[in-house]
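Asker: Letter by letter, the chains look like this.
2 protein chains.
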Amino acid sequence: MTTATANRQIRLRERPDGRIDERTFETVEGAMPEPGPRQALVRNLYLSIDPTNRAWIGEEPTYLPPVGIGEVMRAVGLGRVVASNSEQYPEGALVTGLVGWQDYTLAGGEGIPLTVLPELDLPIECMLGALGVTGVTAWFGIEEIGRPQEGETVVVSAAAGAVGSVAGQLAKLRGARVVGVAGGAEKCAWLVDDLGFDAAVDRHDPRWRELLGQACPDGVDVDFENVGGEIMGAVFAMLNLNARVALCGLISEYNDDPQPGPNLRRVLMNRVLIKGFIVLDWFDRFPEAIARLGALVADGKVKDRHTVVAGLERAPEACNMLFDGANVGKLIVKI
Amino acid sequence: MTTATANRQIRLRERPDGRIDERTFETVEGAMPEPGPRQALVRNLYLSIDPTNRAWIGEEPTYLPPVGIGEVMRAVGLGRVVASNSEQYPEGALVTGLVGWQDYTLAGGEGIPLTVLPELDLPIECMLGALGVTGVTAWFGIEEIGRPQEGETVVVSAAAGAVGSVAGQLAKLRGARVVGVAGGAEKCAWLVDDLGFDAAVDRHDPRWRELLGQACPDGVDVDFENVGGEIMGAVFAMLNLNARVALCGLISEYNDDPQPGPNLRRVLMNRVLIKGFIVLDWFDRFPEAIARLGALVADGKVKDRHTVVAGLERAPEACNMLFDGANVGKLIVKI
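In order, the protein sequence lines correspond to chains A and B.
Numbers 924 to 1258, taken from the numbering used here, label the letters of the first sequence in order.
Numbers 924 to 1258, taken from the numbering used here, label the letters of the second sequence in order.
Worth flagging that the hints you see were computed from the coordinates, not collected in a lab.
Please read these numbers as outputs of a predicted model, since none were measured by experiment.
Treat the hints with care, as some may be off.
Heads up, the list lumps identical chains together, so a pair's fine if it works in one copy or across two of them.
Here are the simulated DSBU-like cross-link-like pairs (lysine-lysine), alpha carbons at most 35 Å apart as the crow flies [said to hold, decoys possible]:
1) K1226 - K1095
2) K1226 - K1198
3) K1198 - K1095
4) K1226 - K1257
5) K1198 - K1224
6) K1224 - K1257
7) K1095 - K1257
8) K1095 - K1224
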């Protein structure tokens, strides 16, 4: 099935100090992997580009060990089985998991454990978007931590991103008033006009703090927090009695050394719950979330938008795009 | 029954900027209150001195509105009914509630709603200590939020205080390794030698940070947080996967304007839960907690120590003692 003789791999060369740059990675033409017993060869098609990628190449451990120097960059992706010695991974199957920044991945055995996906009547990019790790992250953050009730106010930061855009739509479906914070007028218009957010605040507007206050006249009951920094601080200052903070990401902080966080006095006085979470905590329940999200996307109740960057070699550049807010919806590299 | 003709009241004169001083309160000889229909006259015996008293006289609302200028200082206390027009408050009954900094309080009707206490075979000071609001705070913080498991590490800050000393003992009873942070060698010795804490760290020791690290070789699973500031920051830096922070108080921060808090990156990566709480949230369950604590105190399994300051007029001074760490266990004013 495969005619290629080499496997391009993007490997970590040195840990970035701040933004990813040309020294961070190197591209190597690796030998074409051969599937051993109980293994399958996967042709990778799409890579999911996520803020967590940047965190994985820092010095500090995250919820996974840092990617080692010289190792293929860790990343979730989507591929098809092109040769197989495994009943688990039949030829032609669509698979997902930590395929890495490379053309081909060996699945199973001593390779990477991948998950076989059902063939749905949706664009396969959705399997990395609303039905992928980011959509599932939004699902559990809203349904298990934020749990917004009818009429409550939910603020979603990085609202035009892959997680935020789904989280806001799920909060709307629960009857909440949803306010998004995003970078730029175009994203804000998309949130309100296409996704049905009640309001969107452009964080590039010098008056963003005032606008955010105006958009939340009754305070904030749920903070779906993707950003950290001063936007999180402004939201924390409005948290209501018994508010919940679904602490999903801190993208504004990943390129820098840790800065002080918000004062916790209001968290105390208003009995706020803050819960850090990583979607892998609900790994066993992924099928449930994917099924629910799949039905919502198929019904048009959750819209899934993708920003696609073409070419494996552009994965490092795509990673920086996230931090520049250059994507709308899910950022994907098409290999 | 009562022969006094006047009721001393300590009223708020001006909000303190920082510590309470001689301008903060004024003492007024009020008229002796007369119980109206369905009211009772209560002779106050003891006042509970708590960090929250300081928060109640700041500008910012807490979980209760700020005490108004000219109003009697709000405080929990213990008293006996000395005259009654109310079946609810029979003469001689021991009562507790927000009696305020005064000799006498009118209970019921348009007065203050007080709670009649059972007569237990324990010193009545215990009703403001382990069986009072502070003990009940420790109970719910440990049993409902921290929930330490056998072998987990619990750090309690302000551990020699009224809440901390009970919280640490309750964590020990659940089988946890308990580390207290307290001010001074005497308090630390009390925690380890008398209360059975596994370790205690003297925050006045210049090496406190290093000592705290040594006392928690396996990190921290539960932070029973009473203090805030840099001690909280040091504990946050050791929080383990799935750690819980029972955010009970921030005493180091009440005299100052809000300062930045800890960075939340570790909270995210380690999926930490932070829950601000106020004991009043479990008001309906006070009887259950008091009964459980009463049995533990009676059996000697929870030790309840009191620091008693004599004289209503010394209540403001006693309040500052808390911030100086001058008390061991529950700080009480005997009127």
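Asker: For each hint, tell me whether it holds in the structure or not.
Answerer: Status of each hint after checking the structure:
no. : hint          : in the structure
1   : K1226 - K1095 : within (12 Å within a copy, 51 Å between copies)
2   : K1226 - K1198 : both (27 Å within a copy, 33 Å between copies)
3   : K1198 - K1095 : both (21 Å within a copy, 25 Å between copies)
4   : K1226 - K1257 : within (20 Å within a copy, 66 Å between copies)
5   : K1198 - K1224 : both (27 Å within a copy, 33 Å between copies)
6   : K1224 - K1257 : within (26 Å within a copy, 64 Å between copies)
7   : K1095 - K1257 : within (31 Å within a copy, 55 Å between copies)
8   : K1095 - K1224 : within (10 Å within a copy, 51 Å between copies)
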